[in-house]
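Novice: Here's the letter readout for the chains.
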Amino acid sequence: MENRDIVEQVLPEAIRDLGVRRLRHFFSEMRERLRGLYDDSINPLVVILTPGPFNETYFEHAYMARRLGLPLVEGHDLTVRNEIVYLKTLGGLKRVHTILRRLDDDYCDPVELRSASALGVPGLISAIRAQNVVITNALGTGVLESAAWLGFLPGVAERLLGESLQLPAVATWWCGEKPALDYVLANPDRLVVKPTYPNQHFEPVFGSDIEGEERAALIRRLQARPYAYVAQEHVALSQAPVWRSNGTPNFAARAFTIRVYAIATRSGFRVLPGGLARVAADSAVDVVSTQRGGGSKDIWVLSDGEDERAATGTQHLQVSIRPDEVPSRLAENLFWLGRYTVRCADNARLLRSTVRVRVDRSVWIHAVRICRALGVIAKDSQPPASVRDDRDPYGIAADVKRIAWCASQVRSRLSARYWRAVVGLQRQVQEAAASRQEPREALERLALSLAALSGYAAEDMTHDEGWRLLRIGRRVERLQFTAALLGQHLVAASATRQRQVEWLLDVCHSISIYRSRYFVAPRLGSALDLLVRDVHHPVSLAFQCGSIARDLEELAVSLRISRDPGLEETIPEFTDRELLTLEGEGDEAQASRQTLAARMTALQAAAARLSDRLSMRHFSHTGDSQSVWT
Amino acid sequence: MRYRIHHETVYAYASDVLHAHHMLHLVPRPAPFQQCLEHMISVKPATFRRRDEIDAFGNALTRIEFEHPHRRLEVATQMEVDVHPRPKVFAAHSMPWERLCAELAYHGAWPTRENLEACRFRHESPYVRVKQQLTDYAAECFPAGRSILECADALMVKLYREMKYAKGETTVGTPLLEVLKKRRGVCQDFAHLMIGCLRSRGLAARYVSGYLRAGPTRSAESGAPLAIGSGASHAWVAVYTPPFGWLEFDPTNNARVGTDHVAVAWGRDFGDVSPLHGVILGGATHELSVSVTVEPITQ
Numbered sequence: 001m002e003n004r005d006i007v008e009q010v011l012p013e014a015i016r017d018l019g020v021r022r023l024r025h026f027f028s029e030m031r032e033r034l035r036g037l038y039d040d041s042i043n044p045l046v047v048i049l050t051p052g053p054f055n056e057t058y059f060e061h062a063y064m065a066r067r068l069g070l071p072l073v074e075g076h077d078l079t080v081r082n083e084i085v086y087l088k089t090l091g092g093l094k095r096v097h098t099i100l101r102r103l104d105d106d107y108c109d110p111v112e113l114r115s116a117s118a119l120g121v122p123g124l125i126s127a128i129r130a131q132n133v134v135i136t137n138a139l140g141t142g143v144l145e146s147a148a149w150l151g152f153l154p155g156v157a158e159r160l161l162g163e164s165l166q167l168p169a170v171a172t173w174w175c176g177e178k179p180a181l182d183y184v185l186a187n188p189d190r191l192v193v194k195p196t197y198p199n200q201h202f203e204p205v206f207g208s209d210i211e212g213e214e215r216a217a218l219i220r221r222l223q224a225r226p227y228a229y230v231a232q233e234h235v236a237l238s239q240a241p242v243w244r245s246n247g248t249p250n251f252a253a254r255a256f257t258i259r260v261y262a263i264a265t266r267s268g269f270r271v272l273p274g275g276l277a278r279v280a281a282d283s284a285v286d287v288v289s290t291q292r293g294g295g296s297k298d299i300w301v302l303s304d305g306e307d308e309r310a311a312t313g314t315q316h317l318q319v320s321i322r323p324d325e326v327p328s329r330l331a332e333n334l335f336w337l338g339r340y341t342v343r344c345a346d347n348a349r350l351l352r353s354t355v356r357v358r359v360d361r362s363v364w365i366h367a368v369r370i371c372r373a374l375g376v377i378a379k380d381s382q383p384p385a386s387v388r389d390d391r392d393p394y395g396i397a398a399d400v401k402r403i404a405w406c407a408s409q410v411r412s413r414l415s416a417r418y419w420r421a422v423v424g425l426q427r428q429v430q431e432a433a434a435s436r437q438e439p440r441e442a443l444e445r446l447a448l449s450l451a452a453l454s455g456y457a458a459e460d461m462t463h464d465e466g467w468r469l470l471r472i473g474r475r476v477e478r479l480q481f482t483a484a485l486l487g488q489h490l491v492a493a494s495a496t497r498q499r500q501v502e503w504l505l506d507v508c509h510s511i512s513i514y515r516s517r518y519f520v521a522p523r524l525g526s527a528l529d530l531l532v533r534d535v536h537h538p539v540s541l542a543f544q545c546g547s548i549a550r551d552l553e554e555l556a557v558s559l560r561i562s563r564d565p566g567l568e569e570t571i572p573e574f575t576d577r578e579l580l581t582l583e584g585e586g587d588e589a590q591a592s593r594q595t596l597a598a599r600m601t602a603l604q605a606a607a608a609r610l611s612d613r614l615s616m617r618h619f620s621h622t623g624d625s626q627s628v629w630t
Numbered sequence: 631m632r633y634r635i636h637h638e639t640v641y642a643y644a645s646d647v648l649h650a651h652h653m654l655h656l657v658p659r660p661a662p663f664q665q666c667l668e669h670m671i672s673v674k675p676a677t678f679r680r681r682d683e684i685d686a687f688g689n690a691l692t693r694i695e696f697e698h699p700h701r702r703l704e705v706a707t708q709m710e711v712d713v714h715p716r717p718k719v720f721a722a723h724s725m726p727w728e729r730l731c732a733e734l735a736y737h738g739a740w741p742t743r744e745n746l747e748a749c750r751f752r753h754e755s756p757y758v759r760v761k762q763q764l765t766d767y768a769a770e771c772f773p774a775g776r777s778i779l780e781c782a783d784a785l786m787v788k789l790y791r792e793m794k795y796a797k798g799e800t801t802v803g804t805p806l807l808e809v810l811k812k813r814r815g816v817c818q819d820f821a822h823l824m825i826g827c828l829r830s831r832g833l834a835a836r837y838v839s840g841y842l843r844a845g846p847t848r849s850a851e852s853g854a855p856l857a858i859g860s861g862a863s864h865a866w867v868a869v870y871t872p873p874f875g876w877l878e879f880d881p882t883n884n885a886r887v888g889t890d891h892v893a894v895a896w897g898r899d900f901g902d903v904s905p906l907h908g909v910i911l912g913g914a915t916h917e918l919s920v921s922v923t924v925e926p927i928t929q
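Protein sequence lines correspond, in order, to chains A and B. Okay, so the first sequence: first residue is 1 according to the working numbering, each after it adds one. Okay, so the second sequence: first residue is 631 according to the working numbering, each after it adds one.
Hints in this document: simulated from the structure, not taken from any laboratory. The beta-carbon is built from N, C-alpha and C at its ideal position, and this holds for glycine as well. Please note that a few of the clues may not be correct.
Claimed, not checked - Selected chain B positions facing chain A (Cβ under 10 Å, derived; list incomplete):
{"#": "1", "residue": "VAL657"}
{"#": "2", "residue": "ARG679"}
{"#": "3", "residue": "ARG693"}
{"#": "4", "residue": "GLY738"}
{"#": "5", "residue": "VAL760"}
{"#": "6", "residue": "SER863"}
Sequences are here, hints too, so could you generate the full structure?
Specialist: This is the structure we're talking about:
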């Protein structure tokens, strides 16, 4: 379906002129149907339950969630209390009425079903039995995915509907039937043998491809457990043209299959006017599956003119997720995505600025000491080495891994270009580690990519509660970093030297703004003025504090909860005279720098406490469950 | 035979369990050969919710839920159970095993009620996979034309001889084929292996969980008192052996089940009927202690 979005962007005229039927109507009907499944509620909460980003169809789940305007949740986002299903949200537990299930039947409840699975919802079955939640498709319907049924479909249609199938099924024999087994054993050349059960480890076998001992082994398997196998006639798949751009660009023929979608509505089944065509990876292959590679195509169903009228007849308001329905786990991962992105960006800039001053011995010593004190490089390591080392848990590579992990957990909330930037970031780090290229260049590029991530977060994401937590995460991280950096700088004997101050401003990305404002060579007093108390400078401590306070306020209002008290430390205020003292020489000046450094440490600790408090309050029930047995 | 049974399970958690769902299979189900006269399950701390039900296999099931943080869970059951001798059967009179396979396999006609029920226990289940290696391992116990009961006896003897009872070497999650390779395990593993060998041939077998009285009965093979498995909950196997219905075998002790065994629940495998199974949120690590006493009060 993502295919359609792309095609609509690329070929809008063709779609319109040919009268290609739109898919939108199908989705709004599906949403209405889902909302109507649970009878007793005026405003039902419907969620989509996914196995998570490690599943190969996760992308489709995320897309569907966006399209339907429903929260996409994983098993541990839900909890069952007293036979009622709740979503763990930022605003507390919210009752769930209907679950659109994209998780396999036997993974749904670790209490009663597959217990080793962490994907399900403990107690879900008891809630279903008590009829406190509607789950669709119902548990157990997975049995219909077996190819074994196909052989029975013509008979089923005759018996139940008194008519034959409108589309003939591929001729299928379930070997559990004695006559079917006999037929299969007698005609292996014409058949493909497949597993009856989806969890069976058995790849489809073309009877015509095997002979001798291999064929004898297959026959033994069929005879030992005939019910576990299905045979289908070997059909020649249709071919579609595919444009190949690698090698000599040309058109090539590829086998394809079509997957269609239908929903049960009150007025009967509704079929999606479109579908997914999956194309084989290789011209020789006649098994098509996404797990084996290959591509996909969009399917167009042309309209006879009635479709568009029907669609406009039942326009619905676009339903959006209410603020208090943001799952806690999602918000937690957004919060940490914010923190890790800034941590990585700050560390990258710190190292970049340090590598830049390598030729200047006194600044270099000052900078390397601070890098070590901040834990950005190991005690016995040098900045360039740290960039390449992907085993260092505090290194840049480890930060990028954490960003990628958090991003994968919230992928449904990220724009396509944000996700691409995350993937690009990982590649950059790998390349930098592998190629041993000039570290400075690698760091510059990294800093640039991270800046892009921040931009995408601000521009592409809905500014809801999850986003607000992402931003609070960013501010808290920046506050900790800048306070720590200033604290370390202030206690150094060389704190007031011009080139050291220039390095400090460079780390904080503030050289040009300093020059445009102060018209003097870098001095400590003016630098502190800029980096500590200037509320308009997005790197300054005052800016972080102000922004955090506003976001906490807004969070409290939209979640209808009491406001967090915020940071327990204030930003130091100083007069111009005091600034002069700070950059002076002698005991008094040094003492005032020590005092300010202590306040920086206190500020850093307050930021850490705020982070812990937010975690306790909003994310505390997001832990993982475990199974216990006797 | 009347027994008074006391079964206590204690979980000590390293950190608070914030929320938990548990399922208890602790009350002996009624059967022609046993009745539970009285029972009481006491649970500490107080449950947030408790519900008594009958599960999909007809066993008594208690579901409990905790909503308040706790560091310790105690579940204690007291019960009195009457156990009667099982009717005598003649092994040779049971159905030849191949004929039973053919009867249980799918064919066009409706199956009998008994056969249909047996089919629930004929397919692989979460802890008992159906494998060719299991078919091969047990091949000598299934010569052509032998009655199913004789086959099951032979399989039980084979497992008893070839498997070593060893605690702590397997867990709930140890795959059956690994148990087969190591030839070591506890009563659960003996039972799962026997079930796997039967199902791999298309025969029906179920897992029985219960208690074993330590004491007077002696093993047919060694003459030693039946002891393995007493002091804790025990597990054995029921095999579908028409025309005698389901007969029970204890491969850990190499004995047919009689009045020394008290069945609590049966299902496809351990996962369906374990005495206590739950999913907890929090808790970090835990220590588990279980004690079982089976005391005969009348002959």
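Novice: Per the CB criterion, is B:VAL657 less than 10 Å away from chain A?
Specialist: 15 Å, violated
Novice: Can B:ARG693 be said to touch chain A, with a Cβ gap under 10 Å?
Specialist: 6 Å, holds
Novice: Hint validation: B:ARG679 versus chain A, beta carbon distance must be below 10 Å. Holds or violated?
Specialist: 5 Å, holds
Novice: Can B:SER863 be said to touch chain A, with a Cβ gap under 10 Å?
Specialist: With a closest approach of 7 Å, the B:SER863 hint holds.
Novice: Please verify that hint: B:VAL760, Cβ, nearest Cβ of chain A, below 10 Å or not.
Specialist: 7 Å, holds
Novice: Less than 10 Å between beta-carbons is the criterion; does B:GLY738 satisfy it with respect to chain A?
Specialist: 8 Å, holds
Hint 1 from the list above is the single one not met by this structure.
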